[in-house]
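Asks: Keeping the supplied structure of chain L fixed, place chain X upon it in accordance with the hints.
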Amino acid sequence: MGKSTVFNMLTGLNQHVGNWPGKTIEQKTGVVNYKGYKIDLVDLPGTYSLTANSLEERIARNYLLKNRPDAVIIILNAATLEHSLYLLTELINLPIPIVVGLNMMDVAKQQGFQIEENVLSAALGDTPVIPIVASHNQGLNKLLDAAIEVSQHPNQTLSQKYRITPSDYPHQEIQKQITSKIQGKLPAIYPTDWIALKLLEGDSEITSMVKESAPETWKSIEMLLIDHEDTFLDIAGSRYAWIERLVRAAMTNPRKGTISLTDRLDKIATHPFAGLLLLIGISGAVFWLTYTLANPIVYWLGNSIISPLALWSKSALGNAPFWLQGLISDGIINGAGMVLTFLPILFFFFAAMGFLEDIGYLTRAAYVMDRFMHWMGLHGRSFMPLFLGFGCNVPSIMGTRIIEDRRARILTIMLSPLVPCTGRIAVITFLAPAFFGKSALIAVWGLVSLNLVILASLGILTNKFIYKGKRTAFIMEIPLYHVPNPRTIGLFIWNNLVEFTKRAGTIILLVAIVMWWLSNYPGGNIENSILAQFGHQLAPLGHCLGWQDWRITIALLTSFLAKENTISTLSVLYKIEESGNLAANIASSLTMPSRLGFLAIQMLFIPCVATVAAIRKEAGTKWMVINILLLLFISFSAGAIIYWGLTLLGVK
Amino acid sequence: MTNNNRFWQNRFHPRNNPIEPDYNSNIVRLGQLENGQKAKIIDFQGGPGFISRMAILGFIPGTELEMIQNYGRGPIIVSVRGTHVALGRRESWHIRVNKPTS
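Chains as they are written, first to last, in this note's numbering: chain L, 1 to 652; chain X, 1 to 102.
It cannot be assumed that every hint is accurate.
To be verified - Simulated restraints, written as ranges between beta carbons of each label pair:
| # | chain 1 | residue 1 | chain 2 | residue 2 | range |
| --- | --- | --- | --- | --- | --- |
| 1 | L | VAL42 | X | GLY49 | 26 to 32 Å |
| 2 | X | GLN45 | L | ASN295 | 50 to 56 Å |
| 3 | L | ALA188 | X | THR101 | 54 to 60 Å |
| 4 | L | TRP288 | X | ASN26 | 49 to 55 Å |
| 5 | X | ASN98 | L | TRP288 | 45 to 51 Å |
| 6 | X | ASN26 | L | ASP40 | 55 to 61 Å |
| 7 | X | THR101 | L | LEU289 | 49 to 55 Å |
| 8 | X | ASN26 | L | HIS136 | 47 to 53 Å |
| 9 | L | VAL42 | X | THR101 | 48 to 54 Å |
| 10 | X | THR101 | L | ASP126 | 42 to 48 Å |
| 11 | X | GLY49 | L | PRO486 | 35 to 41 Å |
Said to hold, decoys possible - 30 Å max Cα-Cα, derived DSSO-like pairs, lysine-lysine:
| # | chain 1 | residue 1 | chain 2 | residue 2 |
| --- | --- | --- | --- | --- |
| 12 | L | LYS109 | X | LYS38 |
| 13 | L | LYS267 | L | LYS109 |
| 14 | L | LYS267 | X | LYS99 |
| 15 | L | LYS267 | X | LYS40 |
| 16 | L | LYS502 | L | LYS622 |
| 17 | X | LYS40 | X | LYS99 |
| 18 | L | LYS211 | L | LYS66 |
| 19 | L | LYS142 | L | LYS66 |
| 20 | L | LYS219 | L | LYS66 |
| 21 | L | LYS35 | L | LYS66 |
| 22 | L | LYS267 | X | LYS38 |
| 23 | L | LYS109 | X | LYS40 |
| 24 | L | LYS502 | L | LYS314 |
| 25 | L | LYS38 | L | LYS66 |
| 26 | L | LYS35 | L | LYS142 |
Calculated directly from the structure, the hints in this document are not laboratory data. Glycine included, every Cβ here is placed at the ideal spot set by N, Cα and C.
So here's chain L without its partners, still in its complex pose (with noise of 0.2 Å):
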């Protein structure tokens, strides 16, 4: 809570975002440099505990065991003292040396309590506890030199605080007999007493990593773990039977019965029905805005900068070779150029979806959208990642990390390509209006819907052939309201077009350069090129789906590279000239139903190479495989029997 505020805070763009090794969950790592020092950030996974329920909390103690760091900062949220103390209670059996920071003391004051920050350090045997404000900025250089003077002085903190440790928990002894059996038995990084408690609460990272380094004793050791298999309870309570001390002693006007501003926007946006009809709304609002604002401005983008800037560089290039001139005009700007105008709708988009979640909004989204995503054997979780695939799937399927359960991470990864993002949403809306004309606005909406139908059909039909109904647990803390931090929001924008442009100048360049190659060699004219004549060969496929034109075919193909490919792949093959509308020069060479079926494979194709790399990472090689088979038989299906139906029916 508040801790990605904090570490956004100090580093702002002096972070790098990267994964953890061997990993697939983010990394972020930042350097501040504060009088004289410079310090090195590591933003820890979020968790709740140190018990390796799950990957994040993995990460967080083995980077602690094995990197030892300095100085650990835990923020603690002030407005849920009770749940953010838990890991600090696990923290400080650790032999690292810990700052508090504790945030959101505005809410709290405004809850009307307030918690004596002097009581809470004494009754942590001094470690130093500072009330910050993290959105305001308030407090955070105290907590930089809390830390650099905690990662001075390590062993005096150290010893003051091992005195705290909430050690009074009933099976004590277990954990003293455990501890002298495992004595020296483990890896020196590991301690031996917080092995123990670890092996009681039956943690199954450490149950397996001592069974393997002391197979000899680990016989009698397990002897005393069945004895005591309800041990967790006990630590868990004894954990917050501790807490519960401090937090009396600490907290100044405990909360009473007030109803907060929480609780009465709650009242609608959790609520079953009004709470849907707000999600809706929202969504919608989310769209029509991103699509409003950013529409004029892509328009702009391609029509004042990019085709000028593609005539002015081929007249520059007047006396170039003939291949540089168009490898440069044609593939470079007109190409992957065209592909970053599309940024504006993913800053809109993206820029509305990190306000949504930094105010707290998408929390209740998920627990709203819990009812349907249980028909998909999923749970309300699985609704973030989907929702953030409308921006870009690569996001999506990493923010799968938020679901605990493999099974239905796994089935949430193969569905998130059926999310209709940014790049295949553009490429329809470019090509609607010359397709349909006044019905555009119906057929990209269509479109979209089509996907999303097949999204939930594949859901209900996964869940009730394959998976039989099987459920998983839906646990998930509702988090306060608060008001947007604009750092926050700025920096999930900015990390995101990062990533896009990082695409845009790398792959999609690199494809833009290659197809304006292979199209205008041998020969130097697109009917005689490489790529005509590969087109030419899978001429019967695109016959079957109704078009004749092999052009459209190798667009379809390229944009496996990147949905956008399509658009610039069109526009290097159709040649834009000055007088020639793209989009209209398309549908010309196509009928009607075929038009649909077209877009329609278009949007139901294989992932791009950025989502499968994804995939493979999260899921294997194996799902990936799965999934590009999956999707490459719903597209053909979905556009044959469009293309055959309307055919049939007489549309032309």
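Replies: Okay, now just chain X, sitting in the frame of chain L:
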């Protein structure tokens, strides 16, 4: 929707729950509480993974919960230790609480 819901009720309603029948006693399922009712947790019926996740969030036998939102179907929201937590309908049947007096 209705079918789906009936499935829930049949399978997880205390009357039909094969784990441990507990009708005619002072024990009810969390999912049976009405909005605003408070009750203390008695125990859980579920695997160690489920119990561990609940315990970390502060759901421990003896802890008092307050039902914030329960519309009889779909997920519920309870208040535990000052925080609102959403639980699926099934999870709400896997937590047994004492029968609230009011």
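Asks: None of the hints should be skipped; say for each whether it holds.
Replies: Evaluated hints:
1. L/VAL42 to X/GLY49: 26 to 32 Å: About 28 Å separates the Cβ atoms of L/VAL42 and X/GLY49, which means 26 to 32 Å holds.
2. X/GLN45 to L/ASN295: 50 to 56 Å: holds, 54 Å
3. L/ALA188 to X/THR101: 54 to 60 Å: holds, 55 Å
4. L/TRP288 to X/ASN26: 49 to 55 Å: Between L/TRP288 and X/ASN26, where Cβ atoms are some 53 Å apart, the hint holds.
5. X/ASN98 to L/TRP288: 45 to 51 Å: This hint holds: roughly 50 Å between Cβ atoms.
6. X/ASN26 to L/ASP40: 55 to 61 Å: holds, 56 Å
7. X/THR101 to L/LEU289: 49 to 55 Å: holds, 50 Å
8. X/ASN26 to L/HIS136: 47 to 53 Å: holds, 49 Å
9. L/VAL42 to X/THR101: 48 to 54 Å: Distance hint for L/VAL42, X/THR101 holds at roughly 50 Å.
10. X/THR101 to L/ASP126: 42 to 48 Å: The hinted range 42 to 48 Å holds for X/THR101 and L/ASP126, with Cβ atoms some 44 Å apart.
11. X/GLY49 to L/PRO486: 35 to 41 Å: holds, 39 Å
12. L/LYS109 to X/LYS38: Holds, at roughly 26 Å.
13. L/LYS267 to L/LYS109: holds, 23 Å
14. L/LYS267 to X/LYS99: holds, 25 Å
15. L/LYS267 to X/LYS40: Satisfied, since the Cα-Cα distance of roughly 24 Å is no more than 30 Å.
16. L/LYS502 to L/LYS622: This hinted pair holds, its Cα atoms lying about 27 Å apart.
17. X/LYS40 to X/LYS99: Given that 30 Å is the threshold and the Cα spacing comes to 9 Å, the pair holds.
18. L/LYS211 to L/LYS66: Given pair L/LYS211, L/LYS66 holds - Cα atoms ~20 Å apart, limit 30 Å.
19. L/LYS142 to L/LYS66: holds, 27 Å
20. L/LYS219 to L/LYS66: Roughly 27 Å between the alpha carbons, so the hint for L/LYS219 and L/LYS66 holds.
21. L/LYS35 to L/LYS66: holds, 28 Å
22. L/LYS267 to X/LYS38: Holds, because 19 Å separates the two Cα atoms, which is no more than 30 Å.
23. L/LYS109 to X/LYS40: holds, 29 Å
24. L/LYS502 to L/LYS314: Holds, at roughly 26 Å.
25. L/LYS38 to L/LYS66: holds, 21 Å
26. L/LYS35 to L/LYS142: holds, 12 Å
The structure fails none of the hints (numbered hints given earlier).
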